[in-house]
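Colleague: Starting from the known structure of chain D, arrange chain R on it as the hints suggest.
As a plain string of letters, each chain reads:
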Amino acid sequence: MLYIDSISKGIVIDHIKAGYGLSIFKYLGLDKADFTVALIMNAPSKKYGKKDLIKIENNIDLDLTMLGFIDPNITVNIIDNEKIVNKIKLSLPEKVEGIIKCKNPRCITSTERNIMHRFVLIDEEKGIYKCEYCDQIYSWEG
Amino acid sequence: MRHLIDPMDFSIEELEDLFSLADEIIKDQNSFKKVCEDKILATLFYEPSTRTRFSFEVAMLRLGGKVIGFSDPGSSSVMKGESIPDTIRTVGSYVDIIAIRHPKEGAPKYASFYSPVPLINAGDGGHQHPTQTLTDLYTIRKTKGQISNLTIGLCGDLKFGRTVHSLVKAMSRYENIKFILISPKELQIPEYIKTEVLLKKGIPFIEIERLEDVIGTLDILYMTRVQKERFFNEADYIRLKDSYILDNEKLKLANKDLSILHPLPRVNEISYEVDDDPRAVYFQQVKYGMFVRMALIMKLLGVA
Chain D
0 MLYIDSISKG IVIDHIKAGY GLSIFKYLGL DKADFTVALI MNAPSKKYGK KDLIKIENNI
60 DLDLTMLGFI DPNITVNIID NEKIVNKIKL SLPEKVEGII KCKNPRCITS TERNIMHRFV
120 LIDEEKGIYK CEYCDQIYSW EG
Chain R
0 MRHLIDPMDF SIEELEDLFS LADEIIKDQN SFKKVCEDKI LATLFYEPST RTRFSFEVAM
60 LRLGGKVIGF SDPGSSSVMK GESIPDTIRT VGSYVDIIAI RHPKEGAPKY ASFYSPVPLI
120 NAGDGGHQHP TQTLTDLYTI RKTKGQISNL TIGLCGDLKF GRTVHSLVKA MSRYENIKFI
180 LISPKELQIP EYIKTEVLLK KGIPFIEIER LEDVIGTLDI LYMTRVQKER FFNEADYIRL
240 KDSYILDNEK LKLANKDLSI LHPLPRVNEI SYEVDDDPRA VYFQQVKYGM FVRMALIMKL
300 LGVA
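Same order as they appear, the protein sequences are chains D and R.
The first sequence lines up with residues 0 to 141 when you count with numbering that gives the first Met the number 0.
The second sequence lines up with residues 0 to 303 when you count with numbering that gives the first Met the number 0.
Isolated chain D (complex conformation) (with noise of 0.2 Å):
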């Protein structure tokens, strides 16, 4: 068993899905940080066999809502005196602009300068988006 200090001001990042621990820790530029943060990579979990966590040892401004596309499982604990003091448990955003790009080349997007790809959500339960202007799917299941 690998153990990581809990940390006493900051910000954990629990219950990723395995394998996307690494994309998100990139994506919020945690690779690049100045205080200490740590990626843990299938850990055990109770709920799905394995899990990715993240700990980061500052209070950093989160993209709640791309989380939330990444992996909606994802809870976010605020911790302070090394207590959570706030637990927000994501879900899929309603909207996703300017995350994910329209594969159909006959959307407007594919043309058009300046636009902002905008996705919504039609099925939460199956994580079903489509383009806002042309209405091509997009899910996470590819």
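Hints in this document: simulated from the structure, not taken from any laboratory.
Ideal placement from N, C-alpha and C gives every residue a C-beta, glycine not left out.
One or more hints might be untrue.
Residues on chain D that point at chain R, a partial pick, calculated with CB under 10 Å [unchecked claim]:
1. ILE83
2. CYS106
3. ILE107
4. ASN113
5. ILE136
Modeller: Positioned in the frame of chain D, the structure of chain R alone reads:
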């Protein structure tokens, strides 16, 4: 401000309101010939479409309004690389209402975010063509007296035909509709229409290859064109091609009160001999399209 981007943008009640206005216009065109006399419509056609553009322009002219626009982006600032938001903001500051056709899917929706005036999607690639759907619904209502309790046969290219997809979605909101989907296997209606619309709402439908086998059960027959190049193999094309050509011989098997619709242009899927049959309503459908667009312009401009 109200736009028309998707055929489902209007509720059934709003559609009924619109269709009643179209009825009034047909009944007494004289009373409507000045209702838009101080209004201007811009038709921004980024790809050619004589039929739809004429229909919009004539609709506005018959309401006493004026029309500007382009039918070839090559002759406009679009060629200089102007973005859609800039074009729409500029044109929208000159006119009272805009109809836009664009080859890219979702362009009218994008344009509507920036439009200071009501905007109508006059067709965006293979995506949506809401005023065609309004025309189809109005034609059905006009010829059948209602849009419920009907068996509608959709025949031809059901895979790529956007008018078919929109019509299925729009009609699925009405009561007691049954769909007979007549097409070769290669051109069947997309899976998502079946799962997301028909199965989800429990609407009865059957898929069949030959028109002759079902034509006698239909109240409405909506014909579309089947292109040879859509078939995967020559043998299937030869076996089935005549099934998708409506002629007097096949019409002998049909009900007396059948209504035959077609979004037009027709190539050879309806024989010219059928044009004289009272059941052929596709040219009336074209005319109804103009009245529906007149009603739509009035509603969106708030002059109704």
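Colleague: So, for every hint listed, does it hold in this structure?
Modeller: These are the hints, each one checked on the structure:
1. ILE83: violated, 41 Å
2. CYS106: holds, 5 Å
3. ILE107: With a closest approach of 4 Å, the ILE107/D hint holds.
4. ASN113: Since chain R brings a Cβ to about 7 Å from ASN113/D, closer than 10 Å, the hint holds.
5. ILE136: Where the cut-off is 10 Å and the nearest Cβ of chain R is about 8 Å from ILE136/D, the hint holds.
The structure fails hint 1 only (numbered hints given earlier).
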